[in-house]
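Q: Read off the chains here:
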Amino acid sequence: MDNFEKIESYLMDELSKEDRVKFEQELKLDLQLQSDLEDHLLARDLIEIDIATNLKAKLQGLDQPKNTKVRKFNFKVWTIAASLLICISSAWIYLDKNYSNEALFDKNFLIIENQVRGSQPSSPEEKLNLLIKDLENGQVNSVGAFQKFIDENEDVDNEQKASWYLALAYLKENNIGKTKEVLQNIISEKNNPFSNKASILLNDLNNVWRNVIN
Amino acid sequence: MKLFKLYAEKVILIFEKIVIFRSNPVINSFMVETEIISAIRAGGRIRDQALEQIYTNAKVKNRAKAILVKYNCFDTDFNDIYQDAIILLDKNVRNGQFESRGSLEAYLMSTCKLLWYNELRRKKKFVDEEILKNLENTVTNEVDQTQYDEDLLKLLDLTLKKLDERCRKVLEMWKLSYSMSEIMETLGITSLGMTRKLKFTCLNKLTDLIKCSGIKPIKKRHGQF
Numbered sequence: 004m005d006n007f008e009k010i011e012s013y014l015m016d017e018l019s020k021e022d023r024v025k026f027e028q029e030l031k032l033d034l035q036l037q038s039d040l041e042d043h044l045l046a047r048d049l050i051e052i053d054i055a056t057n058l059k060a061k062l063q064g065l066d067q068p069k070n071t072k073v074r075k076f077n078f079k080v081w082t083i084a085a086s087l088l089i090c091i092s093s094a095w096i097y098l099d100k101n102y103s104n105e106a107l108f109d110k111n112f113l114i115i116e117n118q119v120r121g122s123q124p125s126s127p128e129e130k131l132n133l134l135i136k137d138l139e140n141g142q143v144n145s146v147g148a149f150q151k152f153i154d155e156n157e158d159v160d161n162e163q164k165a166s167w168y169l170a171l172a173y174l175k176e177n178n179i180g181k182t183k184e185v186l187q188n189i190i191s192e193k194n195n196p197f198s199n200k201a202s203i204l205l206n207d208l209n210n211v212w213r214n215v216i217n
Numbered sequence: 229m230k231l232f233k234l235y236a237e238k239v240i241l242i243f244e245k246i247v248i249f250r251s252n253p254v255i256n257s258f259m260v261e262t263e264i265i266s267a268i269r270a271g272g273r274i275r276d277q278a279l280e281q282i283y284t285n286a287k288v289k290n291r292a293k294a295i296l297v298k299y300n301c302f303d304t305d306f307n308d309i310y311q312d313a314i315i316l317l318d319k320n321v322r323n324g325q326f327e328s329r330g331s332l333e334a335y336l337m338s339t340c341k342l343l344w345y346n347e348l349r350r351k352k353k354f355v356d357e358e359i360l361k362n363l364e365n366t367v368t369n370e371v372d373q374t375q376y377d378e379d380l381l382k383l384l385d386l387t388l389k390k391l392d393e394r395c396r397k398v399l400e401m402w403k404l405s406y407s408m409s410e411i412m413e414t415l416g417i418t419s420l421g422m423t424r425k426l427k428f429t430c431l432n433k434l435t436d437l438i439k440c441s442g443i444k445p446i447k448k449r450h451g452q453f
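Residue numbers (this note's numbering), protein chains in the order written: chain U, 4 to 217; chain A, 229 to 453.
So here's chain A without its partners, still in its complex pose:
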């Protein structure tokens, strides 16, 4: 009977460990700021983990909320802005546009303010001019945000969305710096050579579709409306 109890306790312990591990995927891999930046640059699965860590950091999120609430940015809008700020931060870190420009947190705050400023300008009618001016004064030029005109959405429909899921996944993984072997493994391709060929073919197909569409969206930097 003692052996049985011991066995049952061991089974429960193993399951508890699984529950704790699954509900806290980064529990044993907390990253400091420099590690987060390296992880985003490195791409692959570690990037996902780093972005999740930033996004789920309640302290940082609350600080951003406290800043934006002064400019009439409340819950629903805030969540959207904060997510977009993380997306922009991810892109700028990967593209090398974030380089020793203060802390990552400060950069994230500036990004939030810039995105909210753009959003307020977009719906100018409903916003107090004073709030907009106040925010304008605090928005710095350190965040790069490139935007296109609405033609880009048309182009997206005619090109990338025309590619099959496999092609889109290859291109996404490649752009996120996944290694060829990671792409091969994820997509179940049999060799590295075939993986490279698939990436090449898909990118070629995409550029051909862009050519055929005849659409040339116009690039805009932030502040241009």
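One chain only, chain U, in its complex shape:
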């Protein structure tokens, strides 16, 4: 063991009792060892000065006005929070505009309404047109009225059209289960002109994002 290791063990209190006594005896006689120990202690004092300098800087840092620090931090945090809120709000507005029951009703109702307007005011069609107008105006019990029309009507075209509006009436009443049921019936019918629209609407109703807003 060289002097460095011996001194290090001595100062770290890692020597056995006998080795410690031996070291101290050696120290009395060995001038080199004495000088090395002195250097070793000086090294420790120098490190202490470094520690003191760093601690002084830390303490001076604590004296800096805390408000600046907090304000700086707040600014960062609130910027992140505001960005997050803006993102969430934008996403919310987008989803609400595209996937809410109301939005889906408006999107699907307007398209068919234009087609209906061109129809002749003959009796069953005129009746259907009136029911559609009532649905548009938010008339109560549109579901019942369309259901009754389908039950009493014998014309396939009118029945198919009425089924589509029945689905929309359920949608307006927020009865999604029934809406889906009617749409599935429309899709399953061969040559039903509303089949494509029903598929699109059903897909929209099953969209995962709807779970977020409803």
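It is possible that part of the hints are untrue.
Derived lysine-lysine pairs resembling BS3-like cross-links, with alpha carbons at most 25 angstroms apart [as the list claims (entries may be wrong)]: (1) A:Lys298 <-> U:Lys31; (2) A:Lys444 <-> U:Lys9; (3) U:Lys110 <-> U:Lys200.
Keep in mind that the hints were calculated from the coordinates and are not lab data. Small disclaimer: the values here were computed from a predicted structure and weren't measured.
Model the placement of chain A on the given structure of chain U, informed by the hints.
A: Frame of chain U; chain A shown alone:
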């Protein structure tokens, strides 16, 4: 819409909690005196926390200010003295020189008085002799303050400041009783063995530089000028 409001409120609440926690790092870990002493002795990050707690304790600081102001120690000087007193207290607690000598606060007050007394003696010309004598009577011998002559600064430039940052950091952390694994983690060293080796090499390098410098600063105890 309700869900959205609920979500927004939760986000704001989380951010508020972060702000409160960050601006009060010791809010949930207030230490009593014995814990402060143990924390300083234990070293590592808990020491930093303990020292910060003492330093930011407004009551203690105001008491020290009230004492020193009687001896013409005002704001700028006081801040310096108070910081140095905390540094000396830290060193003496770590080195075992503070042992059941009354309360930590009383020790800190004595340290402040001793440091201010030394400072006044240093700039004797500008100080009223009566103030100095009054202070001398109150300064006790219970605080250990070892000083070196000006050669120490020369030595510092030629040795420790010559070491690279990594070496200085290892030695500082080691002297502050950080565990080898804490040093390893802080400096991004891959193994404990390499950390020990680095500490050994750096300390060896420092003692070699001291030898080569040929400078032997003279130690002085407080009161020797």
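Q: Now, for every hint given, state plainly whether the structure supports it.
A: Here is how each hint holds up against the structure:
1. A:Lys298 <-> U:Lys31: violated, 49 angstroms
2. A:Lys444 <-> U:Lys9: Between Lys444 of chain A and Lys9 of chain U the Cα gap is close to 22 angstroms, so the pair holds against 25 angstroms.
3. U:Lys110 <-> U:Lys200: Satisfied, since the Cα-Cα distance of roughly 11 angstroms is no more than 25 angstroms.
The earlier numbered hint that this structure contradicts is number 1, and it is the only one.
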